Amino acid sequence: MSNTFPMQATLRMRILLVTGGVLLALLLIISQVLLFQWREIIIAKQYDSAVAVARTFAVAVIDALIEEEQFGGSREGMLQTYLDDFTRSLDNVKYVVVRNLQDQTLALSPAQSAGAIPAAAPAAGRQQTAGRLFRDPHFAWVIEARLPLHIAGKVWGTAAIGFDAAPIRKQVRLLFVLLFVTTMIVSCATLVVLHFLASRLTASLSRLVKEIDSVEFAGSPASPSSGTVDDIAFLFDRFDLMKQRIEQSLAQIESAQRQVYQAEKLASIGRLASGVAHQVNNPLHGIRSCLYAIRREPENTAQTQQYLALIEEEISNIETVVQKLLGFARQRASAVSRLDIAAATRKVVSLFDLRLKEKNLRVTLDLPADLPLVAIDHQLFQEVVMNLLLNSYDAVGPGGEITITAGRQDGGVFLTVKDNGIGIRAEDLPSIFDPFFTTKEIGTGTGLGLAVCQSIVERHGGRISVQSAAGQGAAFTVTLRVDEDHESSDH
Amino acid sequence: MTRLDPRPRSGWRRTPLLLPAGLLAIAALTALFYLIVMDIAREFPPAQANTVDSLALQKPVVHIGVISRYRPRILYRGYQPIMDYLTANTPYRFELLLSQDYNEALQHLITRRASAVFLGSYLYVKAHAKYGVIPVLKPLNENFLPVSRSVLIAHPQAAITSLRDLRGKKLALPARESFSSHWLLDYELARHGLSPGDLAQVHNFPHHHTVIAQVLNGNFDAGVTREYLVKDLDGHGVHAVLYSDPIPSSPIAVAANYDRELIAALKTALLAVNQEEHRRRGTTRDWDGEFVNGFVEAWDADYAAVAAIVAVDTTRLDSR
Chain A
1 MSNTFPMQAT LRMRILLVTG GVLLALLLII SQVLLFQWRE IIIAKQYDSA VAVARTFAVA
61 VIDALIEEEQ FGGSREGMLQ TYLDDFTRSL DNVKYVVVRN LQDQTLALSP AQSAGAIPAA
121 APAAGRQQTA GRLFRDPHFA WVIEARLPLH IAGKVWGTAA IGFDAAPIRK QVRLLFVLLF
181 VTTMIVSCAT LVVLHFLASR LTASLSRLVK EIDSVEFAGS PASPSSGTVD DIAFLFDRFD
241 LMKQRIEQSL AQIESAQRQV YQAEKLASIG RLASGVAHQV NNPLHGIRSC LYAIRREPEN
301 TAQTQQYLAL IEEEISNIET VVQKLLGFAR QRASAVSRLD IAAATRKVVS LFDLRLKEKN
361 LRVTLDLPAD LPLVAIDHQL FQEVVMNLLL NSYDAVGPGG EITITAGRQD GGVFLTVKDN
421 GIGIRAEDLP SIFDPFFTTK EIGTGTGLGL AVCQSIVERH GGRISVQSAA GQGAAFTVTL
481 RVDEDHESSD H
Chain B
1001 MTRLDPRPRS GWRRTPLLLP AGLLAIAALT ALFYLIVMDI AREFPPAQAN TVDSLALQKP
1061 VVHIGVISRY RPRILYRGYQ PIMDYLTANT PYRFELLLSQ DYNEALQHLI TRRASAVFLG
1121 SYLYVKAHAK YGVIPVLKPL NENFLPVSRS VLIAHPQAAI TSLRDLRGKK LALPARESFS
1181 SHWLLDYELA RHGLSPGDLA QVHNFPHHHT VIAQVLNGNF DAGVTREYLV KDLDGHGVHA
1241 VLYSDPIPSS PIAVAANYDR ELIAALKTAL LAVNQEEHRR RGTTRDWDGE FVNGFVEAWD
1301 ADYAAVAAIV AVDTTRLDSR
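If you're matching them up, the sequences are chains A and B in order. Taking the numbering used here, the leading residue of the first sequence gets 1, the next gets one more, and so forth. Taking the numbering used here, the leading residue of the second sequence gets 1001, the next gets one more, and so forth.
No wet-lab data here; the hints were simulated from the structure. Keep in mind the model is a prediction, meaning the values are calculated, not measured. Each residue gets a CB set at the ideal place from its N, CA and C atoms; glycine is no exception. Don't take each hint at face value.
Okay, derived cross-link-like pairs now, DSS-like style, lysine-lysine, Cα gap no bigger than 30 Å in a straight line [unchecked claim]:
hint : chain 1 : residue 1 : chain 2 : residue 2
1    : A       : Lys357    : A       : Lys347
2    : A       : Lys154    : B       : Lys1231
3    : A       : Lys154    : B       : Lys1267
4    : B       : Lys1059   : A       : Lys154
5    : A       : Lys243    : A       : Lys154
Using C-beta positions, here's what the derived DEER-type ranges look like [said to hold, decoys possible]:
hint : chain 1 : residue 1 : chain 2 : residue 2 : range
6    : B       : Arg1285   : A       : Leu174    : 26 to 36 Å
7    : B       : Leu1233   : A       : Gln80     : 46 to 56 Å
8    : A       : Ile41     : B       : Tyr1034   : 10 to 20 Å
9    : A       : Glu40     : B       : Asp1286   : 31 to 41 Å
Sequences are here, hints too, so could you generate the full structure?
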């Protein structure tokens, strides 16, 4: 599961950050719009209320002004009395001031606030209903409704009433907290839901990744479904189909590989057979010559004895060749087994003795006897050695030198076939293990030998490498894992 | 086998730093937003334009008196628009000059404090007889006739269907100097063989609207007022018992030595109030109901009938 955790975390984080971020931003925008709209409604409502109270107040103020106008001194003070009563009757009134058209104060309440009453509105607005919401140094937050005192075109002045605006701010603050908390709760809830959904999604994906990791393409069972009917389930289905197609492709590749092996094997056997035939033909020629000499002089007993001894020797040579050939062929049916690669290599080389001698090649073997056993198909290993040997045989000219070395390396064993032949050009090196790639003349090589070697070696968990330069020979090294289970007991 | 490498390319190792940074940013934005939200200072736009033409303030002021037939507020409400109209349509700035009673309004005219006065028909007849006051205009009623009527209204529970039913009842009257008061008290009662003593109570109120309110409230069984004031009261619990004969409507009167140029301007402006057209334009929409149909010129001879009805005794007229 540790392999799937980063993906879960990342995908979940992305979903949470992107989707959650977008949702959070939307929520914030909506709550801001709501807040501002709501705030405006609160303020407008309070202002309307202030204007309504001021209008009611203005009716009585105008009556008082008319009375003072009509009755003069006898009604003097009536307006001030009314203002005082009005101020006392309403808790949220901070001040009331009545001014005439010349901006002179006719009456104000409370009287002690004379010096603190905010300045009058601009002259241009004195005949219009208007207002303001402001922070006053003396009265703190005030919402002021300002009305012209008029009947039709008759204007006596203005009346301004300052109401306490603290309740407005309190409502706005409450609204802010309410929306903030609501936004936070909704955001958290949204993130939790998103987290849950993302977890489910990434869990399904993790299972899919686990399935992908566990695929061996060797009769592996179908992947279990995701347990859901969604896109992930669809992905599982498609993955199963892909796995089936890959398995079919692998089977086809394996079949093709078998055919390639067979073709290369036939080619190798052909070349081997020509060598064997040569080794058999030479003694047979000798035997035929001896028989011819014996028939020509049957009475020459000494010669006959000498030729019979030669025939016997040649037959023995043929038996040796046949035994070697049988020894090579006997391993075909075997599978992976513990192999002493030094011994197996010597056997292969011995098959080529005659051809090597004919070309006057010098073969040096440095194969320690105490090498650990290697788990590999005996026959396939022989094919590898034979191909490498044939490759060197073809690369070197008469009198050339081939050195076969084996030894331990990094917990495994290696086998190097080195020659002093024509070498490989640098530009050809990347391609030499490609199937059907050859630098030999047409009809001389199949181009499959090294590809088969690489395939065999890698199938047994080993690797094959080459070091070469044009004109400086080549050295192919096969590295194989040691059969550790049996190493200690065998040695 | 190739293994999928789901590790992200970007550095999610920074995520641990993102969280506190994000929270800090949110906190800072929240605080900033709070300050913005809590700053509620503003100016509210003017909602009602009620401007006085600045040119009007430069015009010579002309005071127009009005008898105290209604409460001052009602007078301003109904008569100030007429002053505004005159101001807008003449070279003068007209202002109302209210009075505490009918006689004071007349005194305003006599003493030239007022250039013209809205008088009642009865008061005009007396003022003409004593001071030579002359009428210049009189309003048209809804039928576009320059007449008006007074009406006796009664509370439904008072069981008054004729004037004789007033016996033993409480009667509310407007000011003593009003035609309505004289019409019923001095004219109709006598015609029906009654005297004020036959009534349980007779009380003069200073304003017509008070009379109506007293009857509506049931404080008085009946009351006398002007017809146009009660035309909308059907279904409100009072009913008309008796109407006066049509009399010339209440005039706008001037002193004998009036300012002819001024009064000519006043007459021209008010006579231009074509009833239909101005009603359609809304010119007279806010005018007192008595004047919404416009004016016609008035002559002293028009008020002879009034004098006959109320038998004016000019000697009773107060002379201040």
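(request) Could you tell me which of the hints above the structure violates, numbers in ascending order? (result) 5, 6, 7
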